[in-house]
Structure formats: structure tokens, C-alpha cells
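J.: The chain contents come next:
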Amino acid sequence: MLTDLRFALRSLLKSPGFALVAVLTLALCIGANSAIFSVVNAILLKPYPWPDSDRLVYVYNSYPQMGLPNAGVSIPDYLDRRAGVRAFADAAMFNTMSFNLASDAEPERIVGLRTTPSLFTTLQTGAALGRVFNDSEAEPGHDHVIVLSHTLWKNRFGANRAIIGTTIRLNTETYTVVGVMPDGFYFPSPQNQAWVPFAFTAAQKSDHERGNEYSSMIARLKPGATPAGAQADLDLIQARNAERLVDEREFYKTSGFGGRLNGFLEQNVAGIRGMLWLVQAGVAAALLIGCANVASLLLARAVARERELAIRAALGAGRAWLMRLMLAESLLLFLAGGSAGLLVAWWGVDGLGSLGLSTLPRAYGVQLDFTVFAFTLFCALLTGLGFGALPAWSASRGDAAAALKEAGTRGSAGKRTSFVRAALVVGEIALAVMLLSTAGLLVRSFEKLQQENPGFSPGGVITAQLDLPDAKYDRDEKRTAFADAALSRLRALPGVSAAGLTDVLPFTGNNSSGSYSSPDIQVPAGAPTPHGQQRVVDPGYFHAMGFTLLRGRMFTDADAPGAQRVVIIDRLLADRYWPGQDPIGKQITRNDPKPWTIVGVVAPVKFQSLEEDLKKETLYYPYAQAPGNRIILTVRTTGDPTLLAAAVREAVHSADPEQPIYDVKTMQQRMDNVSQHRRAPMLLISLFSGVALLLAVLGVYGVLAFSVAQRTTEFGVRLALGATAGDIAGLVLRQGSRLVLIGVLTGLAGYLALSQIIGRLLYGVAATDPLTLAIAPVVLAIAAFAACLIPVRRATRVSPMVALRAE
Amino acid sequence: MIQLNHVEKVYPLKGGVFYALRNINLTINEGEFVSIMGPSGSGKSTLLHILGLHDSAWNGEYTLHGQAVHQLDKKKRFDLQKKHIGFVFQSYHLLDDLTVYENLEIPLSYRDVAKKERESVVCDVLDKFGIVAKKDLYPSQLSGGQQQLVGVARALIAKPSLILADEPTGNLHSDQGREIMSLFKKLNAEGTTIIQVTHSEENATFGSRTIRLADGVMLG
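These protein sequences, in sequence, are chains A and B.
Counting from 1, position 20 in the first sequence corresponds to residue 20 in the working numbering; the numbering is continuous, with no gaps.
Counting from 1, position 138 in the second sequence corresponds to residue 945 in the working numbering; the numbering is continuous, with no gaps.
Pulled out of the complex, with its shape left as it was, chain B reads as follows:
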């Protein structure tokens, strides 16, 4: 599903260049649940953003679902991202002025899904995540755990094959964190590939593989 060959991310600095990522070679197969770990500044989030196609300023080769990302123009990368990738953020990043329902609807509307279909998909997801009762609430009316639940639901709503999660439990207390990780485990079991960045060894145990980074270099 994902193949990275000699991927490097370099920042030019005054005294020379800084390697945020150096010679990353990585294969991730469909259905895997991979955890990326490492100390702060090791390049975890940078790698996640490259995988998520947010970052295009890097060197090397990246193949996603058989498509050579490094050869795609901006528009095609964007289309690829929309089709395959969902994001979960540490700070949930729900849109404050939209209700739970509307937050879930947003990714669908960006994919030109017809209104009727959107309604049906959102209702399914609300039901699946057990948050029907919260659909008219605003993010500020939810607990952190509930907000992240919505964040995960939103990441999944467009049926991506890959979920990228950046410290998904970083802002949650341990019980809530475990619930989210269990949810990821369940989604992974249903066939969604998941890549998470985490500091937590416990969270990493929910995954099938752990990749460790230090100073931009993959340790194993």
C-alpha cells in the first residue's frame, strides 16, 4: 500500500542543511496498524505529513496504492489524498462553529457527495459511533474524549483506506485514550490501515508494528 524509498526532508539553515528525515525506506501493507514513535523533534510528524500528502517538499520516492506520489502534480496528489486518506488530530480540530452533524458532513461536502447521500452516511456514522444524541451539540459542549470520537468518525466518514493519526490520545486522560485506541483497533480489524504517531508505549501495543525514529533516521 505504501512504499517509501530514500525519502529525505531537508531544511536549509544558515550553517548548512538540517535533515528532518534522512533516507527513510519503509513499506506498509494494507491492513497494518503502524505506530511511529520517537522523541520530540525526531521527525515523526514530518513523516506523517509526507505520508498524508500535506508536504510535497521532500526527496525520494513514495508510492501509495501503486501511484508514484513523487511524480504527481499538486492536483493529482490532492485527489489521491481525498480518495484514500483520513486524518485524526491530537487537538481534535473540530470546527468550533459547526455542530457534530455538520462536522461530520464537511468531508463529504468537499467530495461533492449529494446532500441526500450525505445525510444517510452521516446518520450511519453517528449511529455506528453511538453519538446520535450529540449530533446537534457544538464541540465546546463535548468532553475531550467525545470530541476525539467525533474526530475519528469524521476521519472515517469518507471511507478512506488509510487513517493517519497524530497523537490521537495526547489530549485525553488514560481511560478516554484507551477507548479511542480500542476503536482504532476495531477499525483496523475491519480493514482500515492505520498509522499513528504516539509517545505512548501502551498505545503502540494496540498496533501491529512500531517504527522508531531518532534525529530523522529510522531505527527499525
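Extracted from the complex, chain A is given alone in its bound form:
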């Protein structure tokens, strides 16, 4: 084998041009596959860094009949389920917290998690230094302890091992550090840098707390337990509660309330799985096309070497020996392509980040690790053996005597391989058509999405988040005073036309919803209780975001704490319960009997994404009458909003020097981020389809150029027999057109076979959209026609005298 490889290497070095083209083609294609696989592996395949993470499930509440399929869980729900689901080995409840870490310089915001101590037993991971929480620390008054991430411990505390037992200031309160987690541990994502205990009060454990669903729950299934078994227990618990809680029974029934579970990985990546596999399939198709081109080159090379191989055969080389020689060459090429492909992948992973893939869930784990390396090697070996076998087989079965006799004329290998090469090109064209069609539809789908009106004007708006610490901002007056101070400074900035705040900003992934009622709403028997999205906003918010007022008025400064409680609703609510009526003056109640009077109706806006189907109504309450600690500032400027970032920080700093802000982004950036799961795959598939088009066209060119070279004598004969240049051009064009036509039809058939899958990933455009599907073949046909022109020109310039003299 070593001898074969030596011969193969020598042979390749004798044709550096061929070797370079083949290795570059393979490097690009294998490298792109490795880069995309590094994303697929990190997001979809790689397990979480906790033992048996496939047994972790996400547990949530669901109100399907209220249009709320996925809600958080309340503390009593968690307690019921942790104790009552026999399939759970353990369970934990948590919610994200923002900590302002005290510092001599700028206050630093870190993301942390408030969690039950059972999180660490559920994840089966202990501390690397110190310990994790014990159950006594989940009691109010004993909960000011903290576990640090390895990264925070290293970066912020200089990896000081003596930190255990010391105290740090978070949100103006003192916490004792009890542990540091191992390097590489994270939950739920590496953004989380600290964990504090979630201590339940007696009131929180009671049935009154049901419905306060601001937390998340995970559980670990016992070995051998199934999600179906756990679901059965969740249903049983719900049935018992419905039996026991008489007042809630009707609500449970009409809302379809119940506990549900989903695989933890599935919960996080289900929304992007289809797109990622589509991108992987797209780049795999590009690899196949590239391999087909290289195989085609190898076949042409085999033909050119027919005489050499015939001499070898005449000297006693057996078929197996010849096959091995050719296969060794292919393997060398593909392995060299694979190695160079790793460099391409290394560059490509960075490039993918700039295309926006880094915003996808779990994208933090994207790297060229051993799995990606093994995948690259596998790609190189598989394609090398698969596509190298064809030329090797073809070359090894030549007729030595005939080849020696034919000596340079159209040999038997030329005829034998022409069908295989044509088949390869047809395959290339078919794959290119499939990719082009998919890319075209993804582009149109994205276009449609971008044309959707979110219901507000994102242009010129910058936003920033901040979390007021409970200990410092423990009263409504303090919160409103902070908000007034910050907003008045923002409004005074040059170029600022409006500034406001909200507790839930569109396109951040956050939501808040709850039930409400009204003396003016008659809910039919059996229908669910009114349930809507709840927002708290100040008077400037609607102006800053460019909301449209349909009826009544916006909030004003007169809607103060002591004034009449007012609410603004959106058109969806008005149309649902008071179609054709004026809702102004009607009343809404929530949580307590004191009503909120409707003073305005605004146009509905999209909160989660542009593709959101506007069904769920939204209620807006004035911040002055319902102030909270979570604030998102929204500032509209007449200039470039990104230039305002520093001024926004300064304004908040002036209102409270200890208050950090984070997540400063323009509204447009937020909308772009939310669309990344469509934009990045669209760009990638478009890129791959462009490469596929180029490779397929090169394939057409290669086959025709080779064919023309092989048919020189034939063309000479035809010209001698009276054929015109047009006749010869027609012959070559017909050959090219036949390949393109068969390829296009095969590609369209292949696409249609997969159209249902692709259709699920599209928005606003049918998977069989005739216009888009017509474009791909037309583009390919034009490009292929251009590729035919050079061989056609060469064919028509054949001189019969020269061609016939070749004999």
C-alpha cells in the first residue's frame, strides 16, 4: 500500500494543476461541511455537560384553550410534581435573576439563577471548590449564599481559592460564597455566572400562589422511566387538584390547564432543528457536486492515462493492482482536500458567527473539536472511496491491446467513461436545481417576512434593559422616581423625539400574561376565562415605539398613582369581546377587585417574531400605577440610534450611579436577531446554491470540453462529409442541452419529493411556488448554455485536415 501511495503521490505531483484544482474543490466543499457540522453538532447533537443529560426534561404548564400552550410553573405546581411524579428521580425550579455586582468602578451586571438546591442533584453535578446549597439554605433568611461559575471566579475573583466563606455584595445585599462550580459546567447556558437559593415562604407554598408562573422547572427521569409515564402522573396530579380546588375547577376545565413535559434539548432546539438540517443537507449537496466534479476529472485523467495503464497491464499489472493505484490517488486527493478543508472550516466557523448563527440557542458550543475532526476525516474517506472507486474501476477494466493500438485516438476508456461522466453531471445539475429552488424559496420567504408590519416603527429606536434591585427599590415611589429621573434626562438629549419604558419589549423573547375579567364581558358557559398579554408602560413608550392609537387616548402624566386606574387595550381585545362597540370607559379587573378603566385602543403589535399570528390580546397598564423593577428603556431619535448608546448609559448613571444597564440594542437589531434563524440559513443555502451552480456549470463545461476533445476526429469527418459549423455546434449544444434537461427534470422531481419538508420551513410562500421554481432551471440553463459556448467554439473550429491527420 505504501508503494501505491508513493506512486500515486509521484503521479499527482506530475500533474500539479489537476491536483491543485481537485484539492481546492474538495477543501472548499469538505471545509464548508465541517464548519456547518460544527454548528449542527454543537446545537443539535452534543449532549449537555451533565451526566445522562438525555434524561432531563423540561416541565411546564399549558393552557391550550386559552392560546397559551407553554407557560412557566408556580411553586405549588413544582412541589406537587417533585413529590408526586414517580418517574422523576429529582426536579428543580429556577428563574433568571440579574445581579448588580458592586464594584469600585462601573457597576457590573451579571446573569444569575435563583434555584432550588435540588438543581445540582438533578444535574448530578457538585462543586469543584466548596459546596453547593443544602436544603436549609432554601429557607427565607438563610438564602444569602452564592455559588459562582468557574469563569466568574477566575475572571472576577482571580481564581482565589480562599474565596469560600467570604462575602460579596450583590444588589446592595451581602452574599456568602459557598462554592465554585467546575470548569465547563453551565446551566442553563454559559451566560449564567452565579446561583443563589430559591427560598419559598409558607405563603408561596400555598394554593394561593397557583397561577404565579414566573419560574421554570426541570426534572430528571429515573433510569427506565418514560416521558409517557411521567405525563400520566402529571395528569393524575392535575385531576386531584381539580377535585380538591373547587373554585379553580371550572377554569381548569375551560382553559385545558395541565402539566406537560418535553426533552430538555428538544425544548431548546426544536424551533431551529429543521433549518439546521436543511443547511447541513444543502452543504452536503454542494460536497456531492464537488466530489462529482473531482470524480469527473479523475475519469478524464484515467482516459488520458489509458495508454500508460495499458502498458502497465501488458507488463503484468493485474486489475486489482491498477484499481489500487487509481484508488490510492483518489484517497490522497480526498485526504489532502479534507486536511485543507479543516483550515477552511476553521475560517468558516468565524464566518458563520458573523452571518448570525452565533445568536442561535447553544451556539456557544460551536467549535472544531474531535467530533468535527472525525466527521471531516469520515467525509474525506467516504467521498474519496466512493467517488474514487468509479475512475479506479473504469481504468482497471480497459482492454490493453486495444488501448495500445488506438494510441491516442478516441480510446475505449473514453467511450466507457463518457456515460459515467454524463451521469455525474446530471446528478450535479439535479442537486444544483434542488439547492437553487430551496434557496429561491427561502429568499422569497424571508422577503415576505420582512414585509410584515410589526405594528410599530422600529427605525430610530434604541433600547436598554435594567433590573432595579429589590432591596434598594423596595417601594413604588422609589421606582417611579428613578424612572422619572432617567427618562427626563433622556428626553432632554439632543435629537431625542420621545423616550419611554416598558417591562416587556417586543422581540426580546420575554412575555408576561395573565387572566383578567370585566363586568362588561359575558363569558359563554364552557369558554375559557379571558387571558391576555400584560404590559406595563409609561406615557412616553407608545410615542417612542410609534404605536398607532385607534380610539381614545394614550397615557398621560395625569395617570398617576392616586388617580383613576386606567388601561389601554389593543384592537384584538376590543374585537373579541366588544365587536362593533366602543370599549372606552369599560372596565377590566385583575388580581384585585379594583377596576382599571379603558381609556384607549391601540393597534396590535407583534411581540415574539414577525411571523407571529396576531391572536392574543394585550393590555397596557401605566407604570406610575403599577411600577415594577424590570425596566426596558426605549428612546426614539431623529438620527442614528446607535450613536445614542453612551448617552443612554450616562442618563441612567446620572439617575443612579450604582445601576448598571445591559443589552443596549436598537429595535432594528432586536428584530434582526429574532429573524436570524431564518436569515442565516437563507444566506448559507444561497451561498451553497451559488457554489453548487458554479460547480455544476463547471461540470457541464468539463464533460463537453472532454467530449469535444474526444470527438475531434468525428467532427473532422463530419466536416469532410459536408457538415457546417452550425451542424457541429448543434451537436455539442444538443449534447449539453440533453444533460441540462435531464438534470433539471431530475432536480425538480427531487425537489418536489422533498417540498413538504421544505414547506414547513417557509413563511408566506408555498413550497411549490411556480414562479420561484421556474427561476432555478432558467438560471441554471442560462449558466449551462454559457458553459457550452467554449466547447462549442472549439468544436466548430476543428479543421478536418488536422483532425484527420491525427490518424
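Derived by calculation from the structure, the hints in this document are not laboratory data.
Be careful, since some hints might not be right.
What the hints assert, rightly or not - Part of the chain B face toward chain A, derived, beta carbon under 10 Å:
hint, residue
1, P846
2, H856
3, D862
4, D904
5, Y908
6, V939
7, A962
Owing to the predicted nature of the structure, the values given are computational and were not obtained by experimental measurement.
Where a beta carbon is used, it is the ideal one built from N, C-alpha and C, also for glycine.
Keeping the supplied structure of chain A fixed, place chain B upon it in accordance with the hints.
T.: This is chain B only, laid out in the frame that chain A set:
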């Protein structure tokens, strides 16, 4: 029929020019069967290609059927060639992927002969050459002699007045070669002018005249 005056074919080389043909003066009358002989590299094939109007890069005067070839543009030369000349090649040059029938049909289709007429002409020729039974076979299914027979039939099918044959028996064994030469003799007797390039003195005896070339010069 053919008149060559001071025809020269020159290849510019690094050290000067190379005369492939030098001062060729030649007259060939209608109905002649001329053999061109000479050692390799003497210019036989070059002369044949000039006569066959494949080559236009030469100097001198060439008149074919009263038409001054040296004054014709490319298209008119091509038309003249299509009308008057048929070729027979040493390696037969039948088109591998076409049947005998289709090979014979090709020159007619290039001359825009209607399909019905083509059918009738091809059938006549198949019959005349005694190869009706072979009409659906591919060249690879024929012997060398049979292939050359088809090659001759194909050269004749468009009824040219002049057949140019380049070593027509070069790839055949002697019996087959004699058969082809007899066929040429017969065709010549029927009125077709034939010019062949040959190395074989025996083949040359089938012709009415022999022209000898050496180093591009006509010896007689």
C-alpha cells in the same frame, strides 16, 4: 477538371520556412484515376487536402470544374466541396455511434436532402454495394474491409464527381485491399474521377496515372 498552377504550401519555422509543397503544376481531367505516391513526408496528404478544399492556406492557383478556388471565399469553397467531392479515409472514419444506414445518410442530411429521398438513395447504395444485410450494424460489428466498403459507399452517396482517397487500403489486408481497389476501378469506369494517395505500387496500377512527390516537389 482540376488545374493547379504554382501551388505552394509553406510552414514558417524558427530557422526559416519549410516547403511542404513547392511549385506544383498539375492537370487532372475528368474520368482519370490518379495515384499520388511518395515517401512519408513528401507532401502527398497535404496535396490531397488542398485538392479536397480542406486547406485554404496555400499559394498559387487552383481551378476545379472551371471555378477558381483561390478566388473563392470560405463559404463558396465549402459549397463547391459539398457539391463535387467525396472522401475515403485510411481509418474509414465511420461514426461509431451510428449504424451503417445512418452513416450513409449523414452526407445527404448535410446537403438538406429530404428524408424520403434520403431513404431511397441510401437503399440504392446499400443495394449497389451489397451491404443491405449490414444496414443496422454498427461499425464495430464490421470487419475492416466491410467498414471501408461502407466508407466508399458513404463517399459516393452524394454523387460527387471526384473521390479523394487517402491510403484507402492502408488498414486492410491484401485481399480486402484488392476488392476496394477493384471497386474504385469500377466506379472510375462509370465516370467518377478518383485521386488516391498510396504507398502501394500494386494499388497504383489500378489507376490511369501516377504522380510522384518527394520533399514537396512533383517528380513526374
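J.: Determine for every hint whether it applies to the structure shown.
T.: Here's how the hints hold up against the structure:
This hint is violated: P846(B) has a C-beta 17 Å from the nearest C-beta of chain A, more than the 10 Å allowed. With a cut of 10 Å, the hint placing H856(B) at the interface with chain A holds, because the nearest CB-to-CB distance is about 5 Å. Interface hint at D862(B): satisfied, since its Cβ lies 5 Å from the closest Cβ of chain A, which is below the 10 Å cut-off. Taken as an interface hint, D904(B) checks out: its beta carbon lies about 9 Å from the nearest beta carbon of chain A, inside 10 Å.
A least Cβ separation of about 15 Å between Y908(B) and chain A goes past the 10 Å threshold, and the interface hint is therefore violated. Because the beta carbon of V939(B) sits about 22 Å from the nearest beta carbon in chain A, more than 10 Å, this interface hint is broken. Look at A962(B): its Cβ gets to within about 8 Å of chain A, closer than 10 Å, so that hint holds up.
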